[in-house]
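Construct the entire structure; sequences and hints are all you get.
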Amino acid sequence: MTLDYASQSHYLIALLPEGIVTLGAFAVLLVDVFSRGRDSGPGGPWLERISVLSLLGAVAASLWLGFAVEAEPGLVAVDGFRLSGNLILLGGSLLAVLYAVDYGHREGLHIGEFYALLLLATAGMMVLVGAQDLVLVFLGLELMSIAVYVLTGFNRRDPRSAEAGLKYFLVGAFASAFVLYGIALLYGATGSTNLSEVMGVVTARTAEGSVLLAGGVLLLLIGFAYKIAAVPFHMWTPDAYEGAPTSVTGYMAVGVKAAAFVALLRVFSVQLAPAADFWSGVVWWLAMLTMIVPNLVALVQNNVKRMLAYSSVAHAGYLLVGVAAGTAFGRAASLFYLAAYTLMTLGAFAVVYAVAGKGDRRMTLADFRGLGWRRPALGFALLVFLLSLAGFPPTGGFVGKLFLLRAAIDADQVSLAVTLVLTSLISYYYYFRVVWKMYFEEGAEQAIASPGRAFRFSTAVCTGGVLLLGLLPGPALRAFERAGSEVATSEAIEVPAAATGAPTVGAEAAGSGP
Amino acid sequence: MNEAFQPILPGLILGLPLLGAVLNGIGAFAWRDSKTIPSLVGPLTVLAAFAIGVANLLAMRAVMPHEPALVPLWTWMRSGELDISVMLMFDQLSLLMTLVVTGVGGIIHVYSVGYMRDDPGYSRYFAYLNLFIFFMLILVLSANYPLMFVGWEGVGLCSYLLIGFWYENREYSDAGKKAFIVNRIGDFGFLVAMFLLFSTFGTLDMPAIFREAPERLLADGALVTAITLFLFLGCVGKSAQIPLYVWLPDAMAGPTPVSALIHAATMVTAGVYLVARSGVLFALAPVSQAVVASVGAATALLAATIALQQFDIKKVLAYSTISQLGYMFVAVGIGAYTAGIFHLMTHAFFKALLFLGAGAVIHAVHDAWAATGAHGDPNDMRNHGGLRRLMPVTGTTMWIGTLAIAGVIPFAGFFSKDEIIWQAGVRGYAVLWALALVVALLTAGYMTRLMVMTFHGENRSGEGAGSHLHEVGAVMWMPLAILAALSVVGGWVQIPDALPLPHVDLLHSWLEPVFEPALLVAAGVAGQHGEASHTAPLGGGEALWAALSTTLAVIVILLVYRGLAARRYRPAAEAAEPTGFRAVLYHKWYVDELYDRLVVRPLLALWRGCWRIVDDRIIDGTVNGLAGVARLAGWTGSQLQSGRVATYLLVFMIGALIILGSLAF
Amino acid sequence: MEALYGSHWILTLLLAIPLVGAVACVAGGEGRARWTALLTTLLVLALSLPLFWTFRIGTAEFQNAVSLPWIERWGIRYAIGMDGISLLMILLTTVIMPISIAGSFSYIKTKERAFYASMLVLMTGMLGVFVALDLFLFYVFWEIMLIPMYLIIGIWGGKRRIYSAVKFFLFTAAGSLLMLVAIVVLVYLHQQQTGVSSFVYADLIQTSIAPGLQLLLFAAFGLAFAIKVPLFPFHTWLPDAHVEAPTAGSVILAGILLKMGVYGFLRFAMPLFPVAATSLPVIGTIVLLGLVGIIYAAWVAAVQPDAKKLIAYTSVAHLGFVMVGLFALNSQGVSGAILQMVNHGISTGALFLLVGMIYERRHTRLIADFGGLAKVMPFFAFALTVVALSSIGLPGTNGFVGEFLILVGAFQRYPLVAVLATTGVVFAAAYMLPMVQRIILNPLTQEENRELDDLNARERWILWPLLALILLIGVFPQPFLDRMSASVDGLIENVQTRRLPSQASRGPDLGANELRLAPTGERAIPEPDPDGGVGP
Amino acid sequence: MNAGYLADLALVLSAVLFAIGVGGVLVRRNAIIVFMCVELMLNAVNLSLVTFSRLHGIDGQIIVFFVISVAAAEAAVGLALILAIFRHYETVDLEAFRRLRW
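Residue numbers (the working numbering), protein chains in the order written: chain H, 1 to 514; chain E, 1 to 665; chain L, 1 to 536; chain P, 1 to 102.
In case anyone wonders, no lab produced these hints; they're calculated from the structure.
It is possible that part of the hints are untrue.
Just a few of them, taken from the derived set where beta-carbon distance is under 8 angstroms, the chain L residues facing chain H [to be verified]:
#1 L68
#2 E72
#3 V140
#4 G158
#5 V166
#6 F169
#7 L170
#8 L177
#9 V181
#10 V184
#11 I227
Taking CB as the label site, the calculated pair distances span [to be verified]:
#12 L606(E) <-> L42(L): 45 to 51 angstroms
#13 L598(E) <-> W53(L): 25 to 31 angstroms
#14 W635(E) <-> L9(P): 28 to 34 angstroms
#15 D33(E) <-> W53(L): 57 to 63 angstroms
#16 L19(E) <-> F380(H): 44 to 50 angstroms
All values derive from a computational prediction rather than experimental measurement.
Idealized CB from N, CA, C, for every residue including glycine.
The structure is reproduced here in structure tokens:
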């Protein structure tokens, strides 16, 4: 069918997946309340069942929207880009829910609110991904963030959790003020918050006072930079990630980043492409710093969870290369990398909490000694995730990096490409240090409780997925390359060649850094 | 003479010794204790090869071909224009060498049966010895330089193995190592020479090279000079000439038959053979010839002087060998190739004889001491003396050898040495000629000293030893006898008609087809050393000088004998260190020490430096340094991550301001 | 039979069987792993040996070649095939592997399943590198090898194993990462010129690249390979890795892994960037570094107290020879280089095995702890002597043939370098003989050594093939040279003719037309031509 | 007093307010006060939104309502978090929360 936003009801259709997930959230709350009444024990199995169901429903809805529905650009985009974004997010959320079940039962966090918040956050992310209007961007951002603030501080028994939550919250609120200011200025400059119209104005260069415009663009960029934890707006990340309940950490690292990136790509590398000369240089610098700094700091980390936090910051840097490329190919690369990143990061954090044991106590490198021999399966899974994070064949991480490299080269961003590989070299050290702890050193003999079914299932999925993306990336490449070029815009700014999967010279990548 | 000469069983000449080597090698593991099998396999294979050689000799005499007979076996390596096949070359020279190698070798094998009787490594010993014969034959029979190089290094290997045969003695295995490494220095020259030859001729087959050399190479040009000099470097190593002679004296660590075979009769003469073989090339390079000759002369002199003051009987013989090799190089250097080969042959006879005799003496003393339980160095002549009566055969045969090497008519040495001296004279190399004469007298001197100290005067072998000292068994003295005979008649194959003797010309006419091209070239190059005069530098004809030299030799012998027979030597144990100039000679002009200080130690220091400083410090230092820098940077960054929200917000704000500031630019 | 050896399946089998074996090792019991591994490798060996005869001599084209779509989107294909050069490398690998596995029986006592599995994965990786005709495929194999080797050194290594493992890993990875960028750039250029995205060797080799850029790309490739070779001054990972690695690890490192660096130059760096490869600065640098390696490594080796470290340095020297010969770019030099790779694999592999054997008996590698072993271990002494002689290139052994060809070839190109390199022959004697002497000769002073027993049957059977090859190649090298000659000449011609940028685009290249690849990528002709891909 | 002038004035004012908010966030150590400064920043933005809506129509004012509600939600969550952390640390001094660092 074709959506006609003249009738408001069609917005409901356009927002169907978000709607389903939100309803799921409320359902979870109600079920929890009624199933449990007063006692504050762990919730029943319905929590995760409903969550999973609603997420699957959202998946179905997104697919339907993506393939069966046409729509002219309105508040909400209905395009392949959103579809693939949604799929990545929902996949991540599904895995996160499963891990949450396992983790929640162990840490006594198996409570309705947890799943409700998780679903709400997911809804927010999806809004963010689909938003074609700055107001919607803001709302999605806030919905997501607020839910995640709470999730971060969710483990009331753990001071680390509370501290993480507060820090995340304060910096987050601070950042959202910037986003908002940016939106305001853009609105002031262009008289509209609808991205398509904004782009129209920008392309036509009829914006009143490009200072407002530029200021708006940059403030917006700063806001996003905070969300994707780009250096120097990343400093909250290690603390938040380390403190948060580990299953949440994985979800944050994956979902928030993915959503923010997809939105970033849509807003900047597509809609604000005409204003590229304002932001491309800044993005180049962000990418550089975000690749270099966290990789260096991760070298000296002794806490694996925190090390992974830094590494996820570093990955934001790699992803920024895709943004800096500014091409459809670059967007495709980022999407693909996000997919791989989702799987490997979730998996890695999961293994970490499995090793850490109740109360997330054992997370230093020393605690991983001999893991590969004591728990071969767990060790192998972590090995695969680490390989993928390091960008080693035959894993998704490798193909992803190759993809990003190609995007960078196509956009004449050789400097970024070289930095990418050199920083990857640095990262080898700390990733493979975990490997050597796992295999080269004899284990301190503390028992690792054998993880539950949900954990085994989802870890298997992550491992398999990572390897699949590494060995047979063909379909994924095709899908994402299409998605990267199918972004709803008022006028076609895509270079046709991009549709053929043949990468193109960064026509849109005005200027590459200083 | 035109119908081609077909070598008889060429493969077998090489195959038999190899077979022997393999069998004995297996024996070294399989039947360690069996003496009979090696005693048969070892000598017989070599003697059989000798027989085939003789057969070939006769066949060749019948034909007297002018072109070498080539026996291609298989393609060794072919790549691009490089095409080297395993090919044997039979001509008068290679056949003569084959006979010397297998003949003298065979005799020495027989001798070894007695000498090594009680050695645990008996089978291994014969394996090495046969292997040596095999490689030596490859060396002399190869039709191209690379294959010759196989033999060249192969004999080096065997000499290494045999010098260090009693590997449990550190000095011995050191000596072996020294020999190999020093030889490798020479081989470096050989290799480079081959590269030059290949890049010049596009082939390494000797016949082709010798055929085309005159056209392709500019006579007296830099190229041919370089080629020949590099070749000669190889010879210097292999044939122990200045400056690479130092390994040969140490090589005496090996069993005495080995010294006789490898380090006197055959291997060390390979250099002479190479120069003679490459005569055409050398003939084109007068400079190189001069170098060869003068190095030879200098070596001859130096070694002779050292030999005067050695007490180790084998060391004396070793230096004597070096000195005699010097002679041969003088010969081939001045272009008298036949003379060189002639001396090579006779020297093989009498030097082998002398070594085997020395071996007999050592063996006897050793056994006697084993009986009396005395200790000491059985090689030290100061522990010998008066053995003439106790070991008559050895004594007599060794005297024959001495007379031969001293160049007393009519022994073999006289004719060959006289020829060299004379050729040096008539070709106008006055200095060489004079030196040769002097060295001849020195030779007579040190050899007589050896004989006197060993066989005359009182026996100094210690209490009761005399009763145990006795002649060696037949298996050992028979070879002595044969060699003694050869040392007498060996020279009669070439008697110049100048002498009042029946004129015999077997060798010249025999080798003539081989050296003809070289001589022609030489004649072409000629000019300064063109037609030979017929008088020595100081005038006088060949007969006069021959007579003079031989009489002088005799006089020297008598004088030394008179002088030393009276002298009371004291056993090595209580003997005093030589002093003054004697000490200098006794310490071989301190050359070894010099090399140690100037070459060995500095190199080792340099190498350690490379390892400890360049590798560990500089290269690894850089790498680890980079890693350290990265970690430091990381640590600094992590310190910024102080946990204070305020800091985070501050950094955030700074970043924001910079970004917004970017608008200004 | 014919069907098998006429098609790519034989190569595919060689790649697949070890992986299966690896799985079997992990699945099977701890005690059974070694036999599984041994049988697997022996099977592979048995399958690979006939290639030596089925190989068609006299053609430079890739045989048993195939090119099947893998990631069509980017024109990445499963393209494999072998020419004379690959053939020898493959056989070297399949010969060395069973030997090194049999050599580990008594050495590896813990975690056997993991060990033998890693060995087999490693085998696939190495074989893959030698047959890959698609740069993506090549890179994947190239990188995959690092992991098992990293584990082998790190888990079963000696005291400083972790340091060595990490050093090995980072050194090699450092190089390959830049190569990845270069590959991407290459693909990008090819796409600019043809509009088609392809990683296939036969396509990329036709790309015409500006000389300046060629230099950069060559440098990126070259660094990766130079570190692997290793060229001075990138060699310092080698001694550490060798010393700490278990015997099998050292054998494979020296025997095969190092060859990949050279192979990389041969197969990729030089044909892809002919202008750079033949430009004076490049040749000068590489040859000079090779020369320095020859001499310098020999010097350093001569003063090593640790036998394994000494041998490790000799590897640097030998590979220095190889590089010098390779960049002589004439048939003697290149053939010699390739042959010398095989030789080095055999002799150095044998040396490591021998040192490992006495290490297992005495648990020390210090040369000083030995001496006089010939008395108690005569066979060991015999073997060590032969191998050492082959290592220093004594005529009659394989070592000489290789070195001689290399030096002859090099001398045509740059005489002075060749002459200096020849001094390496002297130094070789100066480091190898003292080691031999101090291990097997000299008085038997150490009490512990009196009781040592000579090599047992297994150890002897490990050594015999190597000893046989040493003499075989030393005396009859021609069959080996014949098999490589066409490929070598093809390579040289290819590089020489495509020197000039003008011809760079269309030059005769190694069997590109033989592979007849359907153009890959989205813009490919809808249906690839019938025999698209499969070779003859 | 023409509209344009007034508008510029308002924009400047909002910018100043925003800056004050930022300053407060940066210098204060008390979590609650810091949070209030953030609220101040949001409201500063609201001011400029309103101002712009004078130029571009009603949208800006609508956005303001969204912002206010979002701010309310944020306030709730924020105070809850501060409460939660107070239970552990017995303080709201940001300097004290340094368990997570490096």
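Kindly indicate which numbered hints from before are broken by the structure, ordering the numbers from low to high.
-> Violated hints: 1, 4, 11, 13, 14, 15 and 16; rest satisfied.
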